[in-house]
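Student: Since the structure of chain A is provided, determine the placement of chain B on it from the hints.
As they're listed, the protein sequences go chains A and B. For the first sequence, the working numbering gives the first residue as 1172, with consecutive numbering after it. For the second sequence, the working numbering gives the first residue as -1, with consecutive numbering after it.
Just so you know, the hints here were simulated from the structure itself, not pulled from any lab data. Some hints could be false.
To be verified - Within a straight-line C-alpha distance of at most 30 Å, the following computed BS3-like cross-link-like pairs (lysine-lysine) qualify: (1) A:LYS1244 / A:LYS1180; (2) A:LYS1279 / A:LYS1186; (3) B:LYS68 / B:LYS16; (4) B:LYS11 / A:LYS1193; (5) A:LYS1180 / B:LYS68; (6) B:LYS55 / A:LYS1236; (7) A:LYS1228 / B:LYS1.
Claimed, not checked - Quick partial rundown of chain B residues pointing at chain A, CB under 7 Å, derived from the structure: (8) GLY14; (9) MET25; (10) ASN29; (11) GLY38; (12) LEU39; (13) GLY40; (14) PRO59; (15) TYR99; (16) GLU100; (17) PHE103.
As the structure is a prediction and not an experimental result, all values here were calculated from the model. C-beta: ideal position from N, C-alpha, C; glycine also.
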Amino acid sequence: AQRVTQPEKLLSVFKGAPVELKCNYSYSGSPELFWYVQYSRQRLQLLLRHISRESIKGFTADLNKGETSFHLKKPFAQEEDSAMYYCALSPNAGNMLTFGGGTRLMVKP
Amino acid sequence: DVKVTQSSRYLVKRTGEKVFLECVQDMDHENMFWYRQDPGLGLRLIYFSYDVKMKEKGDIPEGYSVSREKKERFSLILESASTNQTSMYLCASSSPGTGSYEQYFGPGTRLTVT
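If we strip away everything but chain A, and leave its shape as in the complex, we get (with noise of 0.2 Å):
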């Protein structure tokens, strides 16, 4: 069974600071991962996906098959970018995810 492992609850830095947020896997076969983020009083949604290669509100992530990790990188943070993020796992050819814990950033002033 596939396990998604986001290893920090919480992260906390200083506007225009680099940040990555941490996203570990485990799956046998080839996964489609993605970042799903939730800000204040609003509901989950997609922040970007692997497979797509892209860079969305200045958010990347490099999905490393070696160390299955699929880290979410921004080099300044924002306060807007406070919010929780999930790293989640789809297998291959699949419609379900599997979410990780979450960890919840704080951009401050």
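Tutor: Relative to the frame of chain A, chain B by itself:
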């Protein structure tokens, strides 16, 4: 714009009551999901459905059942609510036909069982 709605934002029920949580999506999505969201545990899948009248157990189905009589509606039922079912419940939908696994979420129902 995809819209997933849930019948209640807040719900307070007593132990032993039967509880219905309703979810409706307006994008003709085949797949619908029920999760519970707990601090430190993330989202855990309770049940999902890939078609009308079809359902599959997720990771934590005990104490729950579901119903999908129409494509747009997916109901979560707590047959006899218990205090350990106090949680935030999220509904989601997706369409495999788009080639995307993106799930669209509702606003959530915060259920308190006393």
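Student: Could you work out which of the previously given hints the structure breaks and list their numbers from low to high?
Tutor: Structure breaks hints 4, 5, 8, 9, 14.
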